[in-house]
Every structure is written in C-alpha cells, then in structure tokens.
Amino acid sequence: MATALVENATNGRKEIVRPVANFSPSLWGEQFINFAFDTELADKYDKEIEGFKNEVRSMITAPGKDMVETMNLIETLERLGISYHFADEIEELLERFFNLNTNYEDEAYDLYTVALHFRLFRQHGHRISCAVFDKFIDENGKFKETIKSDARGLLSLYEASYLRVHEEDILEEALAFTTDNLNSIAPHLSSPLRKQVAHSLIQCIHFGNPRIEAHNFISIYQEDESKNEMLLRFAKLDYNSLQMLHKKELYEVSRWWKDLDLVSKLPYARDRVVECFFWAMGVYHEPQYSVARIMLTKTIAMTSIIDDTYDAYGVVEELEVFTEAIQKWNISEIDRLPEYIKPFYSALLNLYEQFDEELSKEGRSYAVYYAKEALKELVRTYYVEAKWFIEGYLPPFSEYMSNALITCTYVYHTTTSLLGVKSVTKEEFEWLSKKPKMLVSSLIVCRLIDDIATYEVEKERGQVATGIESYMKENGVTKEVAVDKFFEMATNAWKDINEECFRPSSSPREILMRILNLERIIDVTYKGNEDGYTQPQKVLMPHIIALFIDPIEV
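Heads up, the sequence shown is in UniProt numbering, so the first residue is 1 and it goes up one at a time.
Keep in mind that the hints were calculated from the coordinates and are not lab data. Only a predicted model underlies this, so the values are computations on that prediction, with no experimental measurement involved. Glycine residues also receive a C-beta, built at the ideal position from the N, C-alpha and C atoms. Be aware that a few hints might be false.
[Said to hold, decoys possible] Simulated restraints, written as ranges between beta carbons of each label pair:
{"no.": "1", "residue 1": "142", "residue 2": "473", "range": "36 to 46 Å"}
{"no.": "2", "residue 1": "362", "residue 2": "475", "range": "47 to 57 Å"}
{"no.": "3", "residue 1": "176", "residue 2": "320", "range": "28 to 38 Å"}
{"no.": "4", "residue 1": "144", "residue 2": "36", "range": "32 to 42 Å"}
{"no.": "5", "residue 1": "69", "residue 2": "24", "range": "30 to 40 Å"}
{"no.": "6", "residue 1": "129", "residue 2": "402", "range": "32 to 42 Å"}
{"no.": "7", "residue 1": "473", "residue 2": "92", "range": "26 to 36 Å"}
{"no.": "8", "residue 1": "129", "residue 2": "69", "range": "21 to 31 Å"}
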C-alpha cells in the first residue's frame, strides 16, 4: 500500500495515511550484546593453529610432489575453509601448474581430476579451455554413457560447469547432463558422497558462501574414510577461532546499533543488524578484514533504513526533502526534514565523520568521498522508484532497469565494502565509479534475483512498478515466462562475471573478489526464491546460528 496525503472530510486539512509496517522483529534480541570474549581459549586455539599452519605449509611446498596430489590437497584446504592461510603459496602453485600445459587427453586423467583442475584453475582466474572435456564426448556430440555411473566424476563436472562463460556449449550440456544423472543416482549412493551430492544440487560451490560451505564440508569430510585427521582438526579449530572473532565484531556492531536506538525511533524499518553482519561476513571472512567488515555492516544497516523509508513510509513531499538533504550532505539541512527522520540523518552524517577520521589516519579519506557519492546516487534512484510507486506508474522495462540496477544497492555496497581495505587505491575507486562490466554484471544478478524473490510480497503491497510486471506488460507474457527470462538473464550475467575474473584483468583481483562474494550472498539469501533478508527465519537463521552461535565440536 502506498503512503498518501488525504483530505480529512471534517476539517479539510491534509493528513498522511501511512501503511502499517509489518516486518517481523529481530530474531536475536540482545544475544550478541551479551557476548564475552574468551581470551584464554582464543590463545589456545591460535597456538595450535600456528603449529598446523607450519605443517600444512611444508605439505604444500614439499619438493617432488606431483600435480594431481597437490591439486587434491589444495581442493581439500579450500573446501575446509583453511586455504586463506596459504593464499600466496596456492596462487604460486596454480600459476606453475597452469603453465605446464598438461595434456588432459592422457588416460591417466579421469573425469573427476580433469573437472577438478578445470574448476580450480578458473576459480583462480586462469583461462583453461573447456576442450579438456572433449574426450568424454561420443561421436554424436553427447557425453559418453560410460560416465553416467561415475558419481564422483559427475559431481566434479557439475561443479565445474558453473564456471562457464559464453559460447561454451559443452559446459551447458555438462550442467544438464550431470544434474539429471546426479538426481537419479543420488538416492543409491552411500554417505558421505550422497550428502555431498544432495547439498551440491541445492548449492553449488561457485555460488556458495565460503564460510557456510566450509561448515558443511567439515561435517562431510569427517565421515570420509580417507580423511587427514590433522587437516580436520585444523579446520575445526580455525572455524571456531574465526567464529570468536566474528562474534566480537558482532558484539561491537550490536552495541553501536543499540546505542543509536533507531529501531524505536523508526518502528517502520526492518531491524536486521545481525543479518547485515552476515552479509558483510560473506564479502570477506578473513581476520585482516575485521575493520572493513564492521564498516560495511554499519553502511548496510543504514541503507536498509533508507530503503524502508522510501519503500514503505515516506510521502513524496517528505522524500523529496530527504533526497535533497542527502545530496547536500550538511547538518544544517536537518531543520527542513520531517521530525521522524532527523535522528537518522544526524546518525548517518556522524557515521561518515567517524569513517573520515579513521581513514584520514591512513591517508585514505578519499575512500569516504566515493562512498558518499554512491549513496547520493542510490538515494536519487530510490526517489524515482518511490514516485513511480506512489503515482502508480509502470515504466518500460529498459527505463525500469536503468534505475533499478542502482536501487539494488550493490554499487553502494561494493564501494563501501572497500572502505576498510587498506590496499585499495584512489585509482581503483575511480575505476569502480565508472561502473565497469564486472560491476554491471553483478548488479544485473542482484536486481533480477531480488525481483523474483520479492515479486509476490510487493504485489500484495500494491507495488505496480516491479521489474516482473514491467517485463510481462511489455512482452505480453505470463509471470512464469518473465521469471524464466529473469533467470536466463541472471545466468548470462554470471557468465560475464566468470569472464571478467580471468587474468590478465584490467581490474584489481581484490575488488573482483569482493564483487564475486557479494553475488554469492545474493544466491544464498534468496535461495528458493525466498526473501531471506526480510524473512530470515527460514533461510538465514540456520546459517547465522552455525556461523556465529554454535561452535563446531572439536
């Protein structure tokens, strides 16, 4: 339902009729504010982890180890979530292996190995050709019958197919072929392979959040008869050690949120600071990004309030003034604002002042400029969208998309994800501000997947100007056809993302990884066409419990 100004019949004065916000309250109460950091336990973990790191480093760099064995080790480290400790060594090895130009035609390389190497090389930006799969194709151009019963091989090929780019028909075929066959053989497999297949069919590795995937893989690896006990213990301790750090950050963010008290001042807005932290942790989970995670969480939480103000509360006249106030970015604008939004405006300017102070110490205050500019642009597009909504205007699809690619928030969030990353230079912010192809592709995925998940709820609220509605009207198609088309467009955008991650790239890998991880969070949060952010009970709650509440039993 739109917010509107209506004339009161008795006194002729205009009154505002606002929709009643019916967002569910936070699921977490004060749980994270009551967290006490156990320094003794953290030190104990760190000591043991250090020992493991030295042991694994010598395993990786041991002379005379063959490529297949080393690639299998790299895969295990990545899946267990501990590869970040050896990032440089792994990059160096993969570079060396890639330059060997291995002949995968050789019979020694089975389907599992070829697909695994293909995926690892592509994940790390090496453009390995999909022709390595030619030997598994029969004379009719179909995958050979003989590989249908090779469950490990099929699973490896299935995971590899998500790294495809445009014009790779063999990988399109691979995805359809493996999905079909894995679905039919899954019930007959023994565990842990059965569990792994069932999980992968819902969540492929490439689109998954690395921490959630690590948690899942640890439980699968535990059942593996050929497991390495040292690696398993290392992964569990490291998982718990990172969890303690994340809880500490969540404590800090939750205190900040409680002190602001915007929840009671703006009861129409979603109270989702824990979910915002989950989002930020998905962008980078490693210890060196601690400051960046906290900064990003705060900016996501603020965006969420702005979004709800435009979407579900403000009237056009108020939103116009608010939009102008954000563009002018000056505390003197506060007097013009509606009473309810004043505390928020003041808190927002204050937050950026803190960022400025912190980053000035490192000579990086230029980062704040780019973040503010991205927020100003976001707010301008929110205003356009709110006017469409309130006036009941349904724009043509191209007009809708050019505005909606900004309102999906990912230009702003990609920019703010770099605030606390010391290595990102002014030139790189400048590159990002020009909206390179990698960023635009990510906006397309974010926008379309979000639109599919939120369509029914927005329709119920009386929202006319939705992407699906616009596409249906313009093309004279049903909702089902529009949704299929949106998935197809998102899949094509993913291929562009995969393409943009190849080396040599004009774009810094540090930024590419942030964009890629932001996309992964979209896949997880809107899994099964659910809006996991607005309704976290089903989708995000189990992840948040696993990541930030329950440690893994060691």
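Status of each hint after checking the structure:
The given range of 36 to 46 Å is respected by residue 142 and residue 473, whose C-beta atoms sit roughly 40 Å from each other. Between residue 362 and residue 475 the beta carbon distance is about 50 Å. The supplied range of 47 to 57 Å therefore holds. At about 50 Å, the beta-carbon gap between residue 176 and residue 320 misses the expected band of 28 to 38 Å. Evaluation of the 32 to 42 Å hint for residue 144 and residue 36 yields a failure: the beta carbon distance comes to about 59 Å.
Residue 69 and residue 24 have their C-beta atoms about 50 Å apart, which leaves the hinted 30 to 40 Å range violated. Evaluation of the 32 to 42 Å hint for residue 129 and residue 402 yields a pass: the beta carbon distance comes to about 36 Å. Checked against the hint of 26 to 36 Å, the C-beta distance between residue 473 and residue 92 comes to roughly 54 Å, which is inconsistent with it. In this structure the supplied range 21 to 31 Å holds for residue 129 paired with residue 69, their Cβ-Cβ distance being about 23 Å.
Consistency with the previously given hints fails for numbers 3, 4, 5, 7, ordered from lowest to highest.
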